[in-house]
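Model the full structure from these sequences, guided by the hints.
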Amino acid sequence: MAELEKRLVELGGQLDLPAGRGLAERVGADLRAGVERNRRIGTASLRRRSMPRLRLVGLVLLATLLLAAGAVAAVPSARHAVLEFLGLRGETIERVPKLPENVRAKPGWKLGRPTTLAAARRGLVFDPLLPSGIEGPNGVFLDPSILGGALNLTYPPQPRLPRSRLTGVGLLVDELEGQAAPGYYGKMVPPGARIERFRLGGQFAVWIEGLHAFFYKPHADFTFHSDHSRLAANALVVQHGDVMVRLEGKFDKATALAIARSLHG
Amino acid sequence: MEAERIAEESLLARAREGDVRAYEELVERHQAVAVRVAWLVTRSTPDAEEAAQDGFVKAYRNLGRFREGAPFRPWLLAIVGNEARNRRVAAGRRERLALRAGEERPDAVARAAEAEALAAGEREELLAAVGRLPERDRLVIGARFFLELNEAETAAALGIRKGTVKSRLSRALERLRREMETDG
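Protein sequences, first through last, are from chains A and B. Heads up: the first sequence begins at 1 in the numbering used here, then just goes up one per residue. Heads up: the second sequence begins at 1001 in the numbering used here, then just goes up one per residue.
Calculated directly from the structure, the hints in this document are not laboratory data. One thing to keep in mind: the hints can contain errors.
Cut-off 27 Å, straight-line C-alpha distance, at most; resulting in silico cross-link-like pairs (DSS-like, lysine-lysine) [stated by the list, open to error]:
hint, chain 1, residue 1, chain 2, residue 2
1, B, Lys1058, B, Lys1162
2, B, Lys1162, A, Lys6
3, A, Lys6, B, Lys1166
Structural data, given as structure tokens:
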């Protein structure tokens, strides 16, 4: 080790840094309070195993989210819907009579801060995937509020990727380290929207035509996130290893699949 | 070392089964480094403690996703580091790196007062030079040397790739050397 490095290590030993004393007790109290909350809502049978408990708390979070969005009233049975979403009944897509009031395509909503691809790579825990054979991207956004980072890329209109009237964008690509799989990904879809679930490259994929809201959970995060279609267009969600990719545009399914297949690191 | 690893795996297994007490023992083992990583990022003790606390809770909730046999510390530091970045406060409110007050090192008494004063002055100079570096340099130097994290832990804590740690550290040290020359 060079002299400067040795001096830095020595200096580190003398810095006045917090020691985190008492943290274990506070964390333990938080966790026990969580267990207590679970008991109060009558789920004692689930509390000794981590995954069911995780799902249960997710259920509470989602129920809150649905209530806030005014969507519960539109669903025949909120409990059924929540179980459905969490994959406890084997399905994660919920058809609702109408989407919550706040679901509108808003240009730029929650895309994150504009950046460059090189800079975005430093803020992500995964290697970004880029489609080949299309022009762009003309916008790179990093959303650090998602644990592990989320990357949002915009592409200009071009052949087979028509311009969105709302945003002028031809294609939006969202990526994060997370799971688009039953139990961790859910959608609310109004009547008329078409949904098709299938497997692409052996992994979960879903094609949605029309405005929709969706929920997902990054791998390392305990928080469910909600989002909605941003271009009022169609979407293809695919799982690429540990990375969940959502492609959104006024494209057809064949184009979306071609783009998804061209994704590379 | 091996005994430590086995003990930690045993605590992790118990925590996965919902044993909060076992998890508290894990927190005790890692609380100092977790809070310090969070402090490097937030430069605020209350924010760092909050970020570490929330990070530990999130880690517990996600133990089902933690790969069995993998080292726990980098995984934990990735979660805490992310929590800390989400709490980053305005630069004006940030606490400064500072030496411990009333420093009483065992070897101090054996040194001549003049030599000790000189060493203390050099430490202050080095600390000031680190403080003048851009944030990304301070972070990587802080993680590698002040907290003595290894490359994998540094990468996890700062949310960067392992390969980036080495190059970023090399540039940061170069800038620090220049900074000290300029100052000197």
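For each hint given before, does the structure comply? Return the numbers of the non-compliant ones in rising order. none
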